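K.L.:
Hey, can you work out the whole structure from these sequences and the hints?
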Amino acid sequence: MLEVSGLTTKYGEISALREASLHVGSGEVVGLIGPNGAGKTTLLNSIAGLLAPSGGRVTFDGEDTTGMPPEKLLRSGLALVPEHRRIFVDLTVEENLRIGGVTVPSADRPALLDEMGERFPMLRDKWTTSAGYLSGGEAQQLAIARALMSRPRLLMMDEPSLGLAPLLVDVVFELIEALRSQGRTLLVVEQNATRMLELADRAYVMRSGEVVAEGTGAELRDNEDLFDTFVGN
Amino acid sequence: MTELLQNLIDGLGRGSIYALLALGVAVVFGVMHLLNFAHGELITVSGYATFWAMGAGWSWYLTVALIVVVSVATSLAIERVAFSRVRGADDFTLLLTSFGVHFVVSAIFLLYVSASVKTFPRPGWVTNTYALGSLRVEVFDTVVIGVTVVTLIATTLLLQRTMFGLALRAAAADFDTARLMGVRSNSVIRGAFALSGLLAGIASVFWLMRAGSISPSAGINPMLKGVLAALVGGLGSLRGAVLGGLALGLAEVLLRSRLPDSVASLTEGVVFLLIALLFIFRPQGIVTVTHAERV
Chain F
1 MLEVSGLTTK YGEISALREA SLHVGSGEVV GLIGPNGAGK TTLLNSIAGL
51 LAPSGGRVTF DGEDTTGMPP EKLLRSGLAL VPEHRRIFVD LTVEENLRIG
101 GVTVPSADRP ALLDEMGERF PMLRDKWTTS AGYLSGGEAQ QLAIARALMS
151 RPRLLMMDEP SLGLAPLLVD VVFELIEALR SQGRTLLVVE QNATRMLELA
201 DRAYVMRSGE VVAEGTGAEL RDNEDLFDTF VGN
Chain P
234 MTELLQNLID GLGRGSIYAL LALGVAVVFG VMHLLNFAHG ELITVSGYAT
284 FWAMGAGWSW YLTVALIVVV SVATSLAIER VAFSRVRGAD DFTLLLTSFG
334 VHFVVSAIFL LYVSASVKTF PRPGWVTNTY ALGSLRVEVF DTVVIGVTVV
384 TLIATTLLLQ RTMFGLALRA AAADFDTARL MGVRSNSVIR GAFALSGLLA
434 GIASVFWLMR AGSISPSAGI NPMLKGVLAA LVGGLGSLRG AVLGGLALGL
484 AEVLLRSRLP DSVASLTEGV VFLLIALLFI FRPQGIVTVT HAERV
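Line by line, the protein sequences give chains F and P. Counting along the first sequence from 1, when you hit position 64 you're at 64 in the working numbering, and nothing is skipped either side. Position in the second sequence (from 1) plus 233 gives the number in the working numbering.
No wet-lab data here; the hints were simulated from the structure. Hints are supplied without guarantee of correctness; some may be wrong.
So, partial list: chain F residues that the calculated Cβ filter (under 10 Å) puts toward chain P [as the list claims (entries may be wrong)]:
1. I87
2. D90
3. N96
4. I99
5. A147
6. S150
7. L179
8. G183
Computed from a predicted structure; not experimentally measured. Cβ coordinates follow ideal geometry from the N, Cα and C atoms, glycine included.
P.N.:
As structure tokens, this is what we get:
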């Protein structure tokens, strides 16, 4: 479904991402792990069109999408829950969801809003609350729900559990699990490598801007050297 | 007391026009981080259109429509020709570009029309007044305030109730994330310029009706009022822009009537001084904008 080959992205002279390659098949849950500064966010942002890669190629469903603007990529079915959630704090919870569904026909929007209300009961109680008043866990749920409003075929998430209390981390992982059991295709960047590897069909390990290893969750967990060196305890 | 009420009405009339200009500045600043020093050129261009229309024997009713159309079209054209090329550039580049647009537009009229002031007849009712208790109220101020209130309500509904308004608010808060949601940057930026041009067009109608004249540099004064009012209100806040406009209008009228005659001509200077003081004590303006800076 998603094919990334030799992708390089620079900030000025510095290559934050060097010739990264990965692929995600339809219905797969793929993890992307590695230490801080490894280039995971740069990779997701380059795929999503927020950053312009200086080399390499991204294809989505066979179409070359390298350097395509994010609003166009979203329309072809690729959504990103960005790092730090980036919910619109001045808008209400409902408005955040509506903007997430800006690309779906307006006739379909009410049903989607209902669906999000059922799936995220925590949000439904705060429908008309300004999103700035949400707790970290609620905000993360809103960020994911907002991305789901566009009915993406591939959902990318950047550190969905970052900064959350342990109980809420569980909630996020349960949510990922639920999405997976629905047959959704996911590409998830996670600091919490152990849990991500339990959940993912496959994972990639990044370090210093490069993809250094690939394997199933079990393979990567069993490779202790790799795990200790690249992923950390 | 009567004089104060009189001043309040005069000030609100004047401030309404500033509020419409400031709101246009704030809408564009929101989505592009552009402080538009070319905003007054919308009045310059529509002013020359008015001069032409009056010369061709148009009625004021028709000319009002022409002014609004010309203002919106000019706003969109300036975006297309100039600002679309510097999208995403740093704030200083955007600022310089808007100055450039201002100079180019006035130079075009200077070169191809005339350096001298062109006059056109004002509608007859502009100077009419009516009695309201002990007050003498200008018909003009009444119309200005009424139209402004209706315009502000309509703008609020547009921003709060429509998908375009929602997209505009989301893009103003965080442009990249709005694009991630599928908001088209072209639509939202052009929409912002169209709205800004529409608001300036309404302000322009009143500005030109009262002035009855146009010159190549006529855009400077309305631009200063609009930009200053937006700054006073707190850049990026639409509510602040409206409040800033009203405050500026009231301050001008109150000062003009209270200052001793010998310094009344310095009203503008005193207003600028007050604004400088405001920024010393409250650099963010009247309304504090809380949402994240665009990154």
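K.L.:
Taking 10 Å as the limit, does the beta-carbon of S150 of chain F come near enough to a beta-carbon in chain P?
P.N.:
Result: holds, 6 Å to nearest chain P Cβ.
K.L.:
Quick one, is the A147 of chain F hint okay against chain P at 10 Å, beta carbons?
P.N.:
holds, 8 Å
K.L.:
Would you check whether D90 of chain F satisfies its interface hint, that is, whether its CB is within less than 10 Å of any CB in chain P?
P.N.:
holds, 5 Å
K.L.:
Does I99 of chain F hold up as a contact with chain P if the rule is Cβ-Cβ below 10 Å?
P.N.:
Constraint on I99 of chain F satisfied, holds at 5 Å.
K.L.:
Using the nearest Cβ pair, does G183 of chain F come within less than 10 Å of chain P?
P.N.:
violated, 23 Å
K.L.:
For the hint on I87 of chain F, does the least C-beta distance to chain P fall short of 10 Å?
P.N.:
holds, 8 Å
K.L.:
Double-check N96 of chain F for me: the hint is only fine if its C-beta lies closer than 10 Å to a C-beta in chain P.
P.N.:
With a minimum Cβ separation of about 8 Å from chain P (threshold 10 Å), the hint on N96 of chain F holds.
K.L.:
Tell me if the interface restraint on L179 of chain F is satisfied: Cβ within less than 10 Å of some Cβ in chain P.
P.N.:
Since chain P brings no Cβ nearer than about 18 Å to L179 of chain F, farther than 10 Å, the hint is violated.
When the structure is compared with the earlier hints, violations turn up for hints 7 and 8 and for no others.
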